[in-house]
Amino acid sequence: MDHLSLFWVSPDRNMHLKAIESDFFQRIYRSIKNGTLALPPIPDVVVKLQRVCNEHSTTIRDVAAVLLDDATLTAAVIRSANSAVFSPRTNRPCLDINMAVSRLGIKRVLGIATAHAIQMLKNESAFDVNCNAILKKSAVSSREFASTMALLCQRVRSYDEEHHWLEVEKALLIGLLADIGIYSAVKAYQQYTDEGNYLDFNIASHVFFSLSKETSRFILESWGFDVDFEEVSINKRIRNADEDVTYLDLARMANHLLMFRAKDDDIDEHEVEITLAGAEALYELSNLNEADFRHQLDNIINNCGF
Numbered sequence: 001m002d003h004l005s006l007f008w009v010s011p012d013r014n015m016h017l018k019a020i021e022s023d024f025f026q027r028i029y030r031s032i033k034n035g036t037l038a039l040p041p042i043p044d045v046v047v048k049l050q051r052v053c054n055e056h057s058t059t060i061r062d063v064a065a066v067l068l069d070d071a072t073l074t075a076a077v078i079r080s081a082n083s084a085v086f087s088p089r090t091n092r093p094c095l096d097i098n099m100a101v102s103r104l105g106i107k108r109v110l111g112i113a114t115a116h117a118i119q120m121l122k123n124e125s126a127f128d129v130n131c132n133a134i135l136k137k138s139a140v141s142s143r144e145f146a147s148t149m150a151l152l153c154q155r156v157r158s159y160d161e162e163h164h165w166l167e168v169e170k171a172l173l174i175g176l177l178a179d180i181g182i183y184s185a186v187k188a189y190q191q192y193t194d195e196g197n198y199l200d201f202n203i204a205s206h207v208f209f210s211l212s213k214e215t216s217r218f219i220l221e222s223w224g225f226d227v228d229f230e231e232v233s234i235n236k237r238i239r240n241a242d243e244d245v246t247y248l249d250l251a252r253m254a255n256h257l258l259m260f261r262a263k264d265d266d267i268d269e270h271e272v273e274i275t276l277a278g279a280e281a282l283y284e285l286s287n288l289n290e291a292d293f294r295h296q297l298d299n300i301i302n303n304c305g306f
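Just so we're aligned, residue 1 is where the sequence shown starts under full-length UniProt numbering, counting upward by one.
None of these hints come from the bench; they were simulated from the model.
Hints should not be assumed to be uniformly reliable.
27 Å max Cα-Cα, derived DSS-like pairs, lysine-lysine [as the list claims (entries may be wrong)]:
| # | residue 1 | residue 2 |
| --- | --- | --- |
| 1 | 236 | 18 |
| 2 | 107 | 263 |
| 3 | 48 | 187 |
| 4 | 136 | 187 |
| 5 | 263 | 136 |
| 6 | 137 | 18 |
| 7 | 187 | 236 |
| 8 | 263 | 187 |
| 9 | 137 | 236 |
| 10 | 236 | 107 |
| 11 | 33 | 48 |
| 12 | 263 | 33 |
| 13 | 137 | 187 |
| 14 | 18 | 187 |
| 15 | 33 | 18 |
| 16 | 187 | 33 |
| 17 | 107 | 18 |
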């Protein structure tokens, strides 16, 4: 399974072959290709926010006005704007949504709102027991993957000042949204069975994982996220990068680190290209005991306002 944020999946070759031969697999695959895959049912405010944030003429005041229709999202954005990453001690606290949007930037506000909406969907889904369990596992694992990406980003920046352009909070958001497509795949399975069709859930779960890259990329493109998000979602470079370290590199390092800490046997087949700063960051985090590592993951996600 080469989807980076699905590091917790242990694929079975026979199940995988049965999955890709199934009618359900073909149904989802066709829906991606013809652009009819159902997008996750995010709140109307987030849908409106996506439209507004992707318009060139949009102002900070426009974005703030949309957010005011949802008190929960407004609070989340203000909390992120006041977090340690966005609010150095020299900055005064953000007390209103206009200031919060100004500090974060329009694109970052969109990422924060979407990530919050998707995490809520995964944790509050109303499918059957097996589907809900997979989505809850995905929510926990994407949070772990995202915070590991953010932690590595922070460390790489500290070891080499040339990587100052890497943003810790963007690394976190990319990780949180990397497997966004799994929700649409699970929803399609629920609809498939509701229509009277049958497919063993173990086979269906391999369909979810087999198509997670394509479904995630489709959703991220539909919602206007940039190429950094897309590359991590499909674990593939799709443009020539001038930088020594990209967000895809951070994601692959995070995947490798989590496999190492989980003592995953497949790590022997997992290679990562890294710079000296990346090697130092991986070495440091690989040698932390489990309690310290978990503490640092919690700190980094809290410092980003999540």
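Hint numbers the structure violates, sorted upward? 2, 8, 12, 17
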